[in-house]
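In case you want the letters, here they are:
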Amino acid sequence: MSNPATHTHNVKKDDSMLRQKNMLSEYYRRVSFAHEEGKKVVYSFVPGNLTELFLTFDLVPVYPEINALQNGMRKVSARYIQTAEKIGHSEDVCTYVKCDIGMLLEGNKGPTGERIPEPDLLFLSYTGCFTFLKWFENLACHYGAPVALLHTPYQGDGTITQNMRDYMVRQLRDEIIPQLESISGKKFDEERLRSMLRLSAQAEEDLVAVLQSARLRPSPIDAYFGGVYYIGPIFTAFRGTQECVDYYAELRREIEERAAHGLGPVTPDGEMAEERYRLVVEGPPNWTSFRDFWKMFYDEGAVIVASTYTKVGGVYDTGFRHNPDDPLGTLADYCMGCYTNLNLPSRVNLLQRYIDEYQADGFLVNSIKSCNSFAAGELLMLRELEKRTGKPGGFIESDLVDPRYFSAANIKTRLESYLQMIEQKRKGKVH
Amino acid sequence: MSLQDSTGQLEEIIGYCESLYEDVDLQCVQRWKAAQPGRRALGFMPVYVARELIYAGGVLPVGLMGGGDQVEIIKGDAYYQSYICHIPRSTIEMALSQRLDCLDGLLCPSVCDVIRNFSGMWKLLFPDRLCRYVDLPQNFNPSIGGAYYRREMDLLMADLEALTGRRPTDEGVNRSIELYDRNRTLVEQLYRLRSDQPWLVPTIESYLLLRAGNVVPVEEHNQLLEGYLELAPRRTFRVMDNIRVLLVGSFCEQPPLGLIRTLEKAGCYIVDDDFVLVSRWLTRGIGAGADPVQRVCNAYLNASTFHSSKYEGNQPKRDLLLQRVAQVKADGVVFCAPSFCDPALLDQPIYMSTLDNGGIAYTAFKYAENTGQFQNIREQLGTFSDSIKLWSVQAAKEMH
Ligand code: SF4
Ligand code: SF4
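Protein sequences appear in the order of chains W and U. Per my numbering: the first sequence = residues 1 to 431. Per my numbering: the second sequence = residues 1 to 400.
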């Protein structure tokens, strides 16, 4: 996942940024040449991804969501979406899917311009979103590739029951692992998985420290716009690797240093000088105008101190760490614990906790037109949070990768009036 | 019985079903509950729940399919953005306006993220009322998905026990299975009659009959179906020069009645559809016997129909669609899905390319449950129907 900050020339790049950039380039190189190098390619999703398991089998993971968001940032998603709509995809559905299918129809050139190889396996780890199911059924038709389905039960009652866990473990043990063995031609090596999970937990520890640094005033990070950059390696192809551990250790050192000097976050437009507003954000960002979007906040001195989007690939800040002593059980717990696999009351509780712990002035929902998984229910979440915290809630609407649904003027106006509301509240004018 | 008598009785049956359809306050459920102290009712959202188990517990399963065009949305819009389908907002509206107060709880089966999140909204809004998300397994292996589902159904049995104070017995479950098996047979007969002689069974009638099954006890629904099936074949309706179509995509939010009428007026016999799918989800009977709860689970694993919310596994749904087209001898397919319905709409490109390859005509449009204007749809379908007729004339000429 690349960060707009890496595209700017005005801002000094931290070592961790350069490290991440190199990691990504190398990753995309590995993806492009996977078949030439005799490797098998497995497509999967960020929420509930089982990167360690894939790497145990030396499979090369590809995440179509990441390709879609990168294509959004590179401003080619609009064309891809239209290409998909030409073959019958409705304008009403998830634009990630359409962006991916459009890319496929136009030759599968990935974010680096290299061709993304066809999947040897579609690993449908179906966590927190029904659309994943439809997405890979569509891809299965286009590619004719086999599908491995891992059904992750939803935390409908806000808990993970033993039955849910057993179901997941049985699927992994009796179906998924044999399928991975057969695709890769390798026997499952549980020890290798355990050692990767150990590395995962180390990186997770550092990631949490980075995210929780936003409790400080001023916050040394932006936990939404900057946050998407921080989660990149651990949410995708690197969890369970030494590279990942090194990246997060370095990132943590840098952030701790910023914090020690009382510095605010680095943004593409420069360092945030004065922290005027501390906000919590629910919902994914818009990618097609990511930098403009971020700048709107930067211009107002608004820092995002916590976000839920940075938990889609794993909620670590409530204590979960991959546990090498129970490899399959921990993978099950990981999948079931991802943010969009939590029910609405749990999502509200988490947001409430963020608002309190991070001493936020308010919270903002960026509701995504094409994402039912996030968006359905967000208006009620907003009300509920206002009721519980007494803090003002704001609501803006955009889309992930369809620029037709990003209205900069509209969002800016809404954001400004929302921040005014916070201001008035501070002055005691709004009760 | 004279023809007039049977026509009158048919009208009576359909009129009764229509009154149930219009009963958005669920007065029929209130009456059923009032008739005997201690009766309970459990609402469920589309598409499938094991009604056999619910009813065995002495609880009336009540299928909720939104407010159609009859419920004015006053509060519901404040809960949903404009780009989310309509059914959850009308259901919230009904709940907030006390129309669903006669329900002692709600089941939300795993159909899509909207219904999934709806279960959480219900929990937030009505914390004291039972609400369970029913995560139907997508793994159909008996020792994996089957074992999981069985334990989930045991949980449902415990919920029923908590509601009524008594656990459903095996005899009770078997009795309920028999009633629902009979119901399935009757519904299949209805669909067969409609497919064989569509002029005898207007879609609007079969639709209203099916909808009645959402709110009345299964015994009563069986009687309605039996009555209809006895009387409808005696009709002497004129056979129209309509094309035969299979309708796909209307399994959750429902088209308004006006739209269903329009479809037929536009020159289409709808010979199969996916309305009120709960009554046709299982493609065969369950059969009473030992360990009836397990039999219900096995039926889900082995006899579920293909559907947008169900993983297709090694049975590609595109093949199953083609089979269905052939089975009901459809001339074409009408994709008729609610706006913003991810599961239905994301299946369409797969189906469309399959139909293209098979040389089968199709057309597609979207609706909302409260759509009021059907002129465009009527014109679109009229053109579709004319073009199919024209092709068949041409094809016939070419053969000579
Ligand atoms: S619906 Fe939302 S969570 Fe699901 S694939 Fe689309 S963007 Fe991702
Ligand atoms: S209409 Fe479609 S998207 Fe809406 S609740 Fe029903 S299945 Fe879900």
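Note that these hints are calculated values from the structure, not bench results. There could be a bad hint or two in this list.
To give an idea of the interface, some chain U residues facing chain W are shown, with a C-beta separation under 7 Å as derived from the structure [what the hints assert, rightly or not]:
(1) Tyr79
(2) Leu96
(3) Gln98
(4) Cys112
(5) Arg116
(6) Met121
(7) Phe126
(8) Phe140
(9) Arg151
(10) Arg175
(11) Leu179
(12) Asn183
(13) Asn314
(14) Ser339
(15) Pro349
(16) Ile350
Quick reminder that beta carbons are idealized off the backbone N, C-alpha and C, glycines included.
field: Hinted contact Cys112/U with chain W - closest CB pair below 7 Å
entry: For Cys112/U, the interface hint holds, since the closest Cβ of chain W sits about 5 Å away, which is under 7 Å.
- prompt: Regarding the hint that Arg175/U lies at the interface with chain W, is the smallest CB-CB distance below 7 Å?
  reply: Given a least distance of 28 Å, the restraint on Arg175/U is violated.
message: Just to be careful: measuring from the Cβ of Tyr79/U to every Cβ in chain W, is the smallest value less than 7 Å?
response: At 5 Å from the nearest chain W Cβ, Tyr79/U passes the 7 Å test, so the hint holds.
message: Quick check on Phe126/U please, does its C-beta sit within 7 Å of some C-beta on chain W?
response: Violated, because the Cβ-Cβ distance from Phe126/U to chain W comes to roughly 12 Å (cut-off 7 Å).
Evaluation of the interface hint that places Arg151/U against chain W, nearest CB under 7 Å: Hint holds; Arg151/U Cβ to chain W Cβ min 4 Å, cut 7 Å.
- prompt: Can the hint on Asn183/U be confirmed by a CB-to-CB distance to chain W that is less than 7 Å?
  reply: Violated: closest Cβ of chain W sits about 28 Å from Asn183/U, beyond 7 Å.
- prompt: Minimum Cβ distance from Ile350/U to chain W below 7 Å?
  reply: holds, 5 Å
- prompt: Was the hint right that Ser339/U lines chain W, CB cutoff 7 Å?
  reply: Holds: closest Cβ of chain W sits about 6 Å from Ser339/U, inside 7 Å.
field: Hint validity - Leu96/U Cβ closer than 7 Å to any chain W Cβ
entry: Since chain W brings no Cβ nearer than about 11 Å to Leu96/U, farther than 7 Å, the hint is violated.
query: Does Asn314/U pass the interface check with chain W, least Cβ-Cβ distance below 7 Å?
result: violated, 9 Å
query: With 7 Å as the cut and Cβ atoms as the points, is Pro349/U at the interface with chain W?
result: OK, holds: Pro349/U within 7 Å of chain W, min 4 Å.
message: The hint names Gln98/U as touching chain W; please verify it with the least Cβ-Cβ distance against 7 Å.
response: violated, 18 Å
Consistency note: the structure conflicts with the earlier hints numbered 2, 3, 7, 8, 10, 11, 12 and 13.
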